[in-house]
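Engineer: Taken in sequence, the protein lines are chains A and B.
Numbering (full-length UniProt numbering) for the first sequence: 1 to 291.
Numbering (full-length UniProt numbering) for the second sequence: 1 to 246.
Don't read these hints as lab results, they were simulated from the structure.
One or more hints might be untrue.
[Stated by the list, open to error] Below, a sample of chain B positions facing chain A; criterion: calculated Cβ distance under 10 Å:
1) MET79
2) ARG80
3) LYS81
4) TYR91
5) GLU98
6) GLY112
7) ALA113
8) ARG116
9) ALA120
10) ALA160
Think of the CB as a built atom: it goes at the ideal place given N, C-alpha and C, for glycine as much as any other residue.
In case you want the letters, here they are:
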Amino acid sequence: MIIEYLISALGLGALYALLTIGVALLFGVLGLMNFAYGEIILAAAFALYFFREQPWFFAVIMAVVFAVVVAVLSERLAFHPLRGADPVTLMIASFAVSLALQSVARMTVLPRAQGVPPESFLSQRVDLLGARVSVLDLLTFVLCGTVLAAVAYVMGRTSLGVQLRAAAENFQMAEALGVKGNRVIASAFVIAGVLAGIGAVVFVARQGAVSAEMGLQPMLVGVIGAVLGGMSSLRGAALGGFILGVGTATLEALLPSSLIAFRDAFLFTALIAVLVVRPQGLLSGSKVRVS
Amino acid sequence: MTANFDSPSVLSMHDAGVHFDGVKAVDGVSLSVSRGEVLGLIGPNGSGKTTTLNLLSGMLRPTVGAVMLDDSDLSRLSMRKRVHAGVVRTYQSGRVFERLTVFENVEVAALGAGLRRGAARAAARSTLTQLGLDDVADLPADSLTAGRIRTTAIARALAAQPRFLLLDEPAAGQNETEAVQLIESIRGFAREHGIGVLLVEHDMPVVMGTCDRLHVLDSGRTVIEGEPQRVRKDPQVIEIYFGKRA
Chain A
1 MIIEYLISAL GLGALYALLT IGVALLFGVL GLMNFAYGEI ILAAAFALYF
51 FREQPWFFAV IMAVVFAVVV AVLSERLAFH PLRGADPVTL MIASFAVSLA
101 LQSVARMTVL PRAQGVPPES FLSQRVDLLG ARVSVLDLLT FVLCGTVLAA
151 VAYVMGRTSL GVQLRAAAEN FQMAEALGVK GNRVIASAFV IAGVLAGIGA
201 VVFVARQGAV SAEMGLQPML VGVIGAVLGG MSSLRGAALG GFILGVGTAT
251 LEALLPSSLI AFRDAFLFTA LIAVLVVRPQ GLLSGSKVRV S
Chain B
1 MTANFDSPSV LSMHDAGVHF DGVKAVDGVS LSVSRGEVLG LIGPNGSGKT
51 TTLNLLSGML RPTVGAVMLD DSDLSRLSMR KRVHAGVVRT YQSGRVFERL
101 TVFENVEVAA LGAGLRRGAA RAAARSTLTQ LGLDDVADLP ADSLTAGRIR
151 TTAIARALAA QPRFLLLDEP AAGQNETEAV QLIESIRGFA REHGIGVLLV
201 EHDMPVVMGT CDRLHVLDSG RTVIEGEPQR VRKDPQVIEI YFGKRA
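Bound conformation, chain A alone (with noise of 0.2 Å):
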């Protein structure tokens, strides 16, 4: 039981954390809330909708390059031409793009949610440490786990990484020291993608379907564990997310089930309630920043 739960809330903290990095780096690096997040999540999913008849590791592979061609896309065509506009345009701009992905999916493939059969392998359980562990969580704990390692390896030990994490915290000073902002941004990017399609697979599993809205919730994830970690801080937001997985986990372990349904009201209680001590969220500075 306490292995189950500690899988399951680990695997769940860990795909939250992801989310969140994905949206707090644009955040960081281009004062961009990209609410096209969730649909960056969607063309992932589509992908796995799309080639679900072909081996399950090639859609994978193709769920992340999906993610990152449309979020690469995203950023050539609608928010580079808007480069130093104001944030709340980017905003704004962000809200088109998903709308319009959002559309397209709705008007082509996904007029109506779609099964995707999860692989029988991952409703399997195993036995671990004498407990009796879902595949899918686990799968969810080791692949998270793995692609946030990766993602913090990158941003602390390689060159790539301390500029995106200058450029995150002051642009125009990482420009003016000649850091090529618009390879960075791009970086950034691809990054949010490769974690929105990582995310993706988990979702589309977890759902075993794919629909034209199924972005949403995950983009609000990475939104609101961004916020409670701290926007500007990205070790913060991967905090932020992760400490929202394991709370979902937690209430959905603890709670009887006639009060199941109202988790999400506790949670979001809980985060008005930090957020009312640290209005700056947790590992952000004395600076608020404001859109």
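Given chain A's structure and the hints, the job is docking chain B onto it.
Structural biologist: What follows is chain B alone, placed relative to chain A:
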């Protein structure tokens, strides 16, 4: 890195000016810095020192006149392109990336200047050693004292492999001894690596002993340029600094 004095060898400004809403913040100033020398830009508050530095670094574009690197016109180039051409500046407040470590701050600048990772890290390490920041290299920059944050900003500028370094009051907030010490170490660095330094400073005693030449501004115009000893005796300079003796 060895001293390399081949081109570009002179950063200069020709009759350059910038007007804000009719106010001439800098009005027809000409000056030049050669590699290996330290030029002090002094003058009272509001005399246009920082604006001049902004014109040279690309933060502002001149409304008249030109900024040149040898024979090429930099006037329309962005700051980033000027960094790649070798013109690097620091800011009065010593702005650094607060959440990055001191080492990473310097590393970013070296990467920004186009060094590869290994070379950038080596440059960062040697610059930190030369400026005595080794012991704080792995601390987040916002945990340092104000003076060391400034030194970090200077290390960052030096690691960008500049040919010309524009320093905006690098020693502000330090006492005279510390200030002279810091500027001496910058001067040593400049001579060794063939860097031309433009030093904005309002404290006369600090620049007297450390600069090769001084350029004095008042109300956006050049008052005098020359050797520190000569400048100090100039009646106009005395008037600006010590007021009119009526």
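Engineer: It remains to establish, for every hint, whether it holds in the given structure.
Structural biologist: A quick look at each hint next to the structure:
no.	hint	verdict
1	MET79	5 Å, holds
2	ARG80	5 Å, holds
3	LYS81	9 Å, holds
4	TYR91	9 Å, holds
5	GLU98	7 Å, holds
6	GLY112	3 Å, holds
7	ALA113	5 Å, holds
8	ARG116	8 Å, holds
9	ALA120	7 Å, holds
10	ALA160	6 Å, holds
Violated hints: none; the structure is consistent with every hint.
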